[in-house]
Amino acid sequence: MRQSTALIEIATERQGLKEITASVLRWVEGQGVGEGLLTLFCRHTSCSLLVQENAAPDARSDLERYFATIAPEDPTAYDHDDEGPDDMPAHLRAALTAVQISVPLIGGRLALGTWQGLYLFEHRRRPHRRTIALHLLGE
Amino acid sequence: MRQSTALIEIATERQGLKEITASVLRWVEGQGVGEGLLTLFCRHTSCSLLVQENAAPDARSDLERYFATIAPEDPTAYDHDDEGPDDMPAHLRAALTAVQISVPLIGGRLALGTWQGLYLFEHRRRPHRRTIALHLLGE
Amino acid sequence: MRQSTALIEIATERQGLKEITASVLRWVEGQGVGEGLLTLFCRHTSCSLLVQENAAPDARSDLERYFATIAPEDPTAYDHDDEGPDDMPAHLRAALTAVQISVPLIGGRLALGTWQGLYLFEHRRRPHRRTIALHLLGE
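Protein chains in written order, with the working numbering: chain U, 1 to 139; chain X, 1001 to 1139; chain P, 2001 to 2139.
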């Protein structure tokens, strides 16, 4: 049994879901592990991780619109606005989704379902460079 | 240290919470591991995982009703309805809960609290066959 | 590769976020692991775990107020009130956040971002003693 770790950088262009499955797979495939467990950890509090539908684009735009509605930008609702009106809603949307996701590796493949992709969910309006910590255990 | 992986199938009969603790324990106990880490990963985007109260049934029905309210069926609210009006709310409820849960194994037992059970949360109205990927690490 | 497990106790004084980063680090540092994966698992269904902003206090009070709003105390909304009006909202807030978080350990340090802290989110009004199960894998 062995392990490896890495930090990967993801550039986000806009608020919303950005698929990172290919970037993650590229690193995993370089590690030569057949069975194991991959962990992704998001090192930020204003973006998050999500496993979601990778086929229909309107499922993703609906999801983005939904999170904009349940944790809205609203200057009257929050005290914390150090970085603008999208600051506090970003923390809330991150709290409602996931900071970390682990996926088993079985038979040399991530055990993602057919319609599942790994997404970075950018909650800030402006482009950011984001860092995801990866840990892979296996043999 | 060693690991094992499996795919288990769960049949859901209806929308709502289905306890899977016994099915998961059955597999774990067959692996002969005393200390370790169990990971469950849900291979779908319209059902999810939840650790919840395993005693009072009304806590579960309240929880089901709550998720039906915060991510409601509403044909006017979503563009994505390829599989019917319960399609998009299913993705939203999955995003708000968990796709993956890891539980330490201590002294030969899963470290679940006294009142905690592992649940598959079916978000579609019709019965489905669901697959959960399991990974167990330990010794 | 080796592993260790522990149960740590956290006393909560009030409803809301309590930072537990220092308590967790104290245990991790005693294990002498440089690279690995730490898992925290919350053994309760009326408190939860959260990685959040550790700098601005108003981000935390905004977050507490937000969860009080989207999963409110409301005697007319829930059947389950065995332990009072804050019982069912506690389960809902726990379902919306996380029961478990895993963080990679890289170069002898948890891979938390600069502004990230580990929090126990107490959802009950009265003080409680809470137990978090820890699992550390590494070398």
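Just so you know, these hints were derived from the structure itself, not from any lab.
Positions of the beta carbon are idealized from the N, C-alpha and C atoms, including for glycine.
Just to be clear, a hint being listed does not mean it is correct.
Unchecked claim - Simulated restraints on C-beta separations: (1) P:THR2021 <-> U:ARG26: 44 to 52 Å; (2) P:SER2061 <-> X:MET1001: 41 to 49 Å; (3) X:ASP1058 <-> P:GLY2108: 41 to 49 Å; (4) X:PRO1072 <-> U:TRP27: 37 to 45 Å; (5) U:SER61 <-> P:LEU2007: 37 to 45 Å; (6) P:ILE2008 <-> X:PRO1127: 26 to 34 Å.
What the hints assert, rightly or not - Not everything, but these chain P residues come out facing chain U in the computed CB check (under 7 Å): (7) LEU2025; (8) VAL2033; (9) GLU2035; (10) ILE2101.
Checked hints:
1. P:THR2021 <-> U:ARG26: 44 to 52 Å: Because 32 Å falls outside the window, the suggested range is violated.
2. P:SER2061 <-> X:MET1001: 41 to 49 Å: holds, 43 Å
3. X:ASP1058 <-> P:GLY2108: 41 to 49 Å: holds, 48 Å
4. X:PRO1072 <-> U:TRP27: 37 to 45 Å: Since the Cβ atoms of X:PRO1072 and U:TRP27 sit about 39 Å apart, the hinted range of 37 to 45 Å holds.
5. U:SER61 <-> P:LEU2007: 37 to 45 Å: holds, 44 Å
6. P:ILE2008 <-> X:PRO1127: 26 to 34 Å: violated, 41 Å
7. LEU2025: Where the cut-off is 7 Å and the nearest Cβ of chain U is about 16 Å from P:LEU2025, the hint is violated.
8. VAL2033: violated, 11 Å
9. GLU2035: Since chain U brings a Cβ to about 6 Å from P:GLU2035, closer than 7 Å, the hint holds.
10. ILE2101: It holds, given that the least Cβ distance between P:ILE2101 and chain U is near 6 Å, below 7 Å.
When held up to the earlier numbered hints, the structure conflicts with 1, 6, 7 and 8 and fits the remainder.
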